[in-house]
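For what it's worth, the UniProt record's numbering labels the leading residue of the sequence shown as 1, then goes sequentially.
These aren't lab readings, by the way, just hints derived from the structure by calculation. None of these values were measured; they are calculated from a predicted model. Check the hints yourself; a few may be wrong.
What the hints assert, rightly or not - In silico lysine-lysine, DSSO-like type, Cα no more than 30 Å apart, as pairs:
#1 Lys72 to Lys3
#2 Lys3 to Lys56
#3 Lys113 to Lys90
#4 Lys56 to Lys72
To be verified - What follows is a list of derived Cβ distance ranges for each label pair:
#5 Arg98 to Tyr137: 18 to 28 Å
#6 His23 to Lys90: 26 to 36 Å
#7 Gly141 to Lys92: 32 to 42 Å
#8 Gly139 to Met1: 30 to 40 Å
#9 Leu144 to Lys92: 18 to 28 Å
#10 Ala16 to His143: 35 to 45 Å
#11 Asp136 to Lys92: 33 to 43 Å
#12 His23 to Leu144: 33 to 43 Å
#13 Gly141 to Ala16: 16 to 26 Å
#14 Ala16 to Trp102: 33 to 43 Å
#15 Pro43 to Tyr142: 19 to 29 Å
#16 Arg98 to Ala138: 38 to 48 Å
#17 His143 to Lys92: 37 to 47 Å
Don't be surprised by glycine CBs; every beta carbon is placed ideally from N, CA and C.
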Amino acid sequence: MSKQAEYAALIRRYFATCNAGDHAELVSCFTPDAVHYFPAGLPEIPWRTAETIASKWVWCVENLGSQWTIEKILVSHDSPEAVIEWTHWKGKLGTALRGDEWYIFDEHTGLIKEIRAYYASPADKEVAINEIVDFDYAGRGYHLEPATGGEQ
1 MSKQAEYAAL IRRYFATCNA GDHAELVSCF TPDAVHYFPA GLPEIPWRTA ETIASKWVWC
61 VENLGSQWTI EKILVSHDSP EAVIEWTHWK GKLGTALRGD EWYIFDEHTG LIKEIRAYYA
121 SPADKEVAIN EIVDFDYAGR GYHLEPATGG EQ
């Protein structure tokens, strides 16, 4: 099986274990020090460690009736990364949230070491720059201001 197929299969397994609320299986999808980043507005973010990520998703299944569907998966052909579109169905609330996530995999173990979530929702007008919380944009080489001239 190719690395791309392995990464896509792991994402599908991760979503299946989220839907099942299976803490042990969720933990097994991640490196122990994994981080899940989110946009502003949620409590206690980002979620750090495989144990924390698993516990938070189990809480969502038990308390919100959460279930997730994967809409699309794209896996890079030359780096340990993938991006997906998903829908988070909150059955007990009668609502749903759509969004994207960027995945980074550990090249040695093949496990998920980072997820960055982006929501298809209105921007927070109280925040000058809408970003996922506690993500090192500067350290990762992201633009910190608009490009000028022909720069991209």
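Each hint, compared with the structure:
1. Lys72 to Lys3: Holds: Lys72 and Lys3 sit about 18 Å apart, inside 30 Å.
2. Lys3 to Lys56: Judged against 30 Å, a Cα distance of about 28 Å means the pair holds.
3. Lys113 to Lys90: 26 Å, holds
4. Lys56 to Lys72: Holds, at roughly 23 Å.
5. Arg98 to Tyr137: 18 to 28 Å: 23 Å, holds
6. His23 to Lys90: 26 to 36 Å: 20 Å, violated
7. Gly141 to Lys92: 32 to 42 Å: 41 Å, holds
8. Gly139 to Met1: 30 to 40 Å: 33 Å, holds
9. Leu144 to Lys92: 18 to 28 Å: With Cβ atoms ~40 Å apart, the hint is violated.
10. Ala16 to His143: 35 to 45 Å: About 36 Å separates the Cβ atoms of Ala16 and His143, which means 35 to 45 Å holds.
11. Asp136 to Lys92: 33 to 43 Å: 35 Å, holds
12. His23 to Leu144: 33 to 43 Å: 38 Å, holds
13. Gly141 to Ala16: 16 to 26 Å: 34 Å, violated
14. Ala16 to Trp102: 33 to 43 Å: Once the Cβ atoms are compared, 20 Å apart, the range 33 to 43 Å for Trp102 and Ala16 is violated.
15. Pro43 to Tyr142: 19 to 29 Å: 25 Å, holds
16. Arg98 to Ala138: 38 to 48 Å: Taking Cβ atoms as reference, Arg98 and Ala138 lie about 29 Å apart, which means the hint is violated.
17. His143 to Lys92: 37 to 47 Å: 40 Å, holds
Violated hints, listed in ascending order, are 6, 9, 13, 14 and 16; each of the other numbered hints is respected by the structure.
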